[in-house]
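> Chains as they are written, first to last, in our numbering: chain A, 54 to 178; chain B, 77 to 447.
Please keep in mind that the hints were generated in silico from the structure rather than gathered at the bench.
Warning: the hint list may mix true and false statements.
Said to hold, decoys possible - Keeping only pairs whose Cα atoms sit at most 16 Å apart, straight-line, the calculated EDC-like set for lysine to aspartate or glutamate is: (1) B:417 x B:381; (2) A:115 x B:388; (3) A:106 x A:127; (4) B:372 x B:384; (5) B:353 x B:388; (6) A:154 x B:330; (7) B:355 x B:330; (8) A:115 x B:330; (9) A:63 x A:171; (10) B:99 x A:86; (11) B:444 x B:434; (12) B:201 x B:388.
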Amino acid sequence: MYPDNYKYTKEHEWILVEGDTGTIGITDHAQHELGDIVYVDLPKAGTAVEQGKALGSVESVKAVSDIYSPVTGEVIESNGDLSGAPEKLNSDPHGAAWLVKVKLANLSEIDGLMSAADYQAYLGE
Amino acid sequence: MDSVSGVLRKTPLNAVHRASGAKMVDFGGWDMPVQYSGILDEHATVRNRAGLFDVSHMGEIEVRGPQALALVNWVSCNDATKLAVGQAHYSGLILEGGGFVDDILVHKFSDEHFFLCVNASNQDKDFAHIAEQNSLRGFDATVENIGPTLSQIAVQGPRAVETLQKLTGTELAPIKYYWFTTGEVSGVPATIARTGYTGEDGFEIYVPNAEAPRLWAELLAAGEEFGIKPAGLGARNTLRLEAAMALYGHEINDELNPLEAGLSWIVKFNKGDFLGKAKLEEIKAAGLKRKLCGFKMTGRGIGRDGYEIQLDGAAAGWVTSGGPGPTVNMNIGLCYLPVEKANTGQVIQVMIRNQAVDAEVIPTPFYKRAK
Numbered sequence: 054m055y056p057d058n059y060k061y062t063k064e065h066e067w068i069l070v071e072g073d074t075g076t077i078g079i080t081d082h083a084q085h086e087l088g089d090i091v092y093v094d095l096p097k098a099g100t101a102v103e104q105g106k107a108l109g110s111v112e113s114v115k116a117v118s119d120i121y122s123p124v125t126g127e128v129i130e131s132n133g134d135l136s137g138a139p140e141k142l143n144s145d146p147h148g149a150a151w152l153v154k155v156k157l158a159n160l161s162e163i164d165g166l167m168s169a170a171d172y173q174a175y176l177g178e
Numbered sequence: 077m078d079s080v081s082g083v084l085r086k087t088p089l090n091a092v093h094r095a096s097g098a099k100m101v102d103f104g105g106w107d108m109p110v111q112y113s114g115i116l117d118e119h120a121t122v123r124n125r126a127g128l129f130d131v132s133h134m135g136e137i138e139v140r141g142p143q144a145l146a147l148v149n150w151v152s153c154n155d156a157t158k159l160a161v162g163q164a165h166y167s168g169l170i171l172e173g174g175g176f177v178d179d180i181l182v183h184k185f186s187d188e189h190f191f192l193c194v195n196a197s198n199q200d201k202d203f204a205h206i207a208e209q210n211s212l213r214g215f216d217a218t219v220e221n222i223g224p225t226l227s228q229i230a231v232q233g234p235r236a237v238e239t240l241q242k243l244t245g246t247e248l249a250p251i252k253y254y255w256f257t258t259g260e261v262s263g264v265p266a267t268i269a270r271t272g273y274t275g276e277d278g279f280e281i282y283v284p285n286a287e288a289p290r291l292w293a294e295l296l297a298a299g300e301e302f303g304i305k306p307a308g309l310g311a312r313n314t315l316r317l318e319a320a321m322a323l324y325g326h327e328i329n330d331e332l333n334p335l336e337a338g339l340s341w342i343v344k345f346n347k348g349d350f351l352g353k354a355k356l357e358e359i360k361a362a363g364l365k366r367k368l369c370g371f372k373m374t375g376r377g378i379g380r381d382g383y384e385i386q387l388d389g390a391a392a393g394w395v396t397s398g399g400p401g402p403t404v405n406m407n408i409g410l411c412y413l414p415v416e417k418a419n420t421g422q423v424i425q426v427m428i429r430n431q432a433v434d435a436e437v438i439p440t441p442f443y444k445r446a447k
């Protein structure tokens, strides 16, 4: 369920780091808790993001939830497919429904994030 | 009202919801299912087939006695003298200041027996209010809070009649919209009302608490061939929003009056005196300042409950209820606007997280079922 090569946050985002690029999304647990996702608001390429600060939001039928950036850096791409098909976040949150790609400013920030095993233990609490 | 005082109230179907994996939330102090299969799926099921709602948290108040009609007509702004036996109508319990104690459904069993369906979180307040007026004005009537003994199950959607008909000998087809009857459903004595809060055809069934779990199971089984599904409060809200039905605490409250809420059709000024009448006449004579309107988002975003509305960069109103309209396929909402701006086609800005996003006033209801 939770890929071993991803890192996870307590706010239920994931990040896949390849070189100095991180792909960010929300976890399956997050999409399940939100329910039907109907709207996604993502930053444009070039936007600076900061670890722990809101980078955008997702909205379910009932509520708005902030997405918190797992890392500090600059957005290099946001997933344009989601604006027309936000429901993909419910069906494929760890794959096709990634949110943004970020150029990391500080690779050591990754060390503070949870492994898949840690995240699942965190969910189990 | 959140239940700071402790334990959430539960309906007799609570264990059934939990066993079925429903997502539960604290709704006005009640532990209620917000969704089962998903809000969008449940919404579509009610529009196209049939949905089953546990609305046992709703309150029921009975008014009886020689002056039952007089008491009801004093506390309620609609005209109960116009109701036939077996007929129901929508109304408001109005404060002296013109705002709402609650919005209610009034069912007439006879001139000496009325049955009121009231909002869950208002039921204790409503009962106290009606009992107080009864005593203050010296009506020869009794008021009883029977909510704790009754469960209410709503079957809503185009296949609701067929579903319910399988479980009752009472012929349902002749019951018109906003009429009711008593009968048996699965052998259980029930009040069967052709009412609802979804914009669809359907019934609201009132039964003794002890029978609710069996009736719930039998309704699901009876409706299986029609595609029935249990539906939660999430879908109930998106369905009623598309139908532009008011929700207490949103479109109406103790400081908002029925005239500005677009509910002047339930205020019968010509029926004789009633609580709040003088103030409402004064408000009407002075002219309304604001009016409830429907809007659709034209810019990207969803206007939600409580968001500010701006006109020309200045605060001008607020969103009372807003969200996606799954059937109408637009992001919709209801909002209060200055009366001179409350016209179809008016462009407004909804403040979504400090960004002004365009929306346009459109007629309501957003959704109307084909007859």
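> When the hints from earlier in the document are held up against this structure, which numbers fail?
1, 2, 5, 6, 8, 11, 12
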